[in-house]
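Enquirer: Heads up: the protein sequence lines correspond to chains B and X, in order. According to the numbering used here, the first sequence is numbered sequentially starting from 1. According to the numbering used here, the second sequence is numbered sequentially starting from 1001.
Keep in mind the hints are simulated off the structure, nothing from the lab. Warning: the hint list may mix true and false statements.
[To be verified] Facing chain B, a subset of chain X residues (Cβ under 8 Å, in silico):
| # | residue |
| --- | --- |
| 1 | 1009 |
| 2 | 1161 |
| 3 | 1225 |
[To be verified] Label pairs and their computed distance ranges (CB to CB):
| # | chain 1 | residue 1 | chain 2 | residue 2 | range |
| --- | --- | --- | --- | --- | --- |
| 4 | X | 1041 | B | 72 | 53 to 61 Å |
| 5 | X | 1260 | B | 74 | 50 to 58 Å |
| 6 | X | 1041 | B | 125 | 28 to 36 Å |
| 7 | X | 1084 | B | 87 | 45 to 53 Å |
Ideal placement from N, C-alpha and C gives every residue a C-beta, glycine not left out.
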Amino acid sequence: MKLNIKGIITNLKPGFARGEAARHARRAYQRKPFSFSQTVFIAALIFLFLPLLVLILYSFNASKGMRWTGFSLVWYEQLFLHSRDLWRAFWNSILIAVSSAGTATVFGTLGAVGVNWYRFKLRNYVQTISFLPMILPEIIIGVSLSLFFAGIKMKLGLLTIFIAHTTFNLPFVFLMVMARLDEFDFSIIEAAHDLGANERQTFLKVTVPICMPGIVSGFLTAVTISLEDFVITYFVAGPGSTTLPLYIYSAIRFGVSPVINALSVVMILGTVALTYLLRNFLKYIAAK
Amino acid sequence: MTVWFTIFFLAPLLIIVLYSFLRKGLYGGVSMGEFTLEAYRALGNPSFIIITIRTFVTAVIATFITILIALPCGYFMARSRNQTFLLLLIIIPFWTNFLIRVFAWMNILGNNGFLNEMLIRIGLIDDYIHFLYNQSTVVLVLVYMYLPYAILPLFSTIDKFDFSLLEAARDLGATKAQSMIRVLLPSIRSGLYTAVLFTFIPIFGAYAVPLLVGGKDSYMLGNVIADQLTKARNWPLASAISMVLTVITTAGVLIMINLQRKDASRTSEQKSKGAEN
């Protein structure tokens, strides 16, 4: 009895009750929007976007410097009407991105199908070396290719850039198609064979369509990586084979021109549009 | 594919190994057939050792800061209901051209840049501050560049985490910080390793960032390789430094893979023990 009363009294102690309530309140508060992680996340977003916003703002500046002298579209005019070298570099980039990504997609897909289906001696070798370029710093690949091309006396130019890009694009396509093949139902292949399809028919009519999401995302990843690459390209490019990143680099290095601001804004918008389209496209493919 | 890879990837790598043991040619390049350890002996040079240490320290610090920011971000994203939208937000700067992002920072930090203009306008400083071309700027921009590389793997691992475990920890009396450190962190270790790897390797091999926003005293190994290759035309030395870079990153990868494997076996052991009980 005594104990019980003591218990009741303890429970009724105002201080205790307050503490308990406060703890509950604190817990509820911590689940509310402004938690620590959210604060960091918002700060990180500001950190990530601030430079881009500054670029956008100053691309509309009338004067060359960072002192705001009024709104103007002069840099956009410069960009679209008076930057022939820049656009040549742009088309070089597109050409290389599409061709190297295409080549890498064909080889990568064939390689993935081969590794996945056939058990052969070099299987481990293929899998190991396909991971290597992803774990080596870019500069190593750039330097080694540069020395390689010098060694076989190959003239540096668009072709060497194409080869370099295809090489570093390959593993991405390979891995993405592999991921798709891993969840593959082999009985479909057997069924195709049973129904009289030969190897080539099976490959084109069954395997490729099933791998399509992997192939498409591999190709698109390859295109974006290729468009983005500066370091490797820098080492394997020759005179007259400027890509867009190389052009931007020299513009930054030798006298910053606000045309680059305008170009950046166009590219950022392009990125946003592409990201959005890609997402919808992948959703569409996945739904199919 | 195998053929392509062997020719254009493996062969070039082997050339680096080979060249690093050759003597420098009279007019640059290499002179074939003269094997020597000259290039490796040149690595003992104090200035080179300083650069190696600097590169390593820079990479460790930048990776550490990146992970420190990325962890709460990944956690927040994983717990959010708008995951796709938040992912999109992270991916947009990530897909903006690398050089343009460096350029944006040069715009902000330059002597006539955004930050200086702002500080002068609000009267905080009278004269320009030199923000660019030093070690801390290199770290700042590197963190900026590789933050998404850390956030994305952390997010996808944390996303698979069972959050009710955190509540269980709290109910058992752990504070919020305790439950994070002792429950969440151990279970997302594999994502943590991936994030560390994804940031450490490119930062360790960084070339463009220190070149553009760093000064002479913040040069990293990547810059030395490029200089030796293009300016000094000392191919054996460039190759030997590349070997150092390769060895250190490969070591990093192997350590991480090993840790991951140990982790995996430990978890499966625990699971089988749990099953026995």
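Enquirer: Now tell me, hint by hint, if it's right for this structure.
Expert: Evaluation of the provided hints:
no. : hint                        : result
1   : 1009                        : holds, 5 Å
2   : 1161                        : violated, 13 Å
3   : 1225                        : holds, 6 Å
4   : X:1041 to B:72: 53 to 61 Å  : holds, 58 Å
5   : X:1260 to B:74: 50 to 58 Å  : holds, 54 Å
6   : X:1041 to B:125: 28 to 36 Å : holds, 34 Å
7   : X:1084 to B:87: 45 to 53 Å  : violated, 34 Å
In the structure shown, a violation is registered for the earlier hints numbered 2 and 7, in ascending order.
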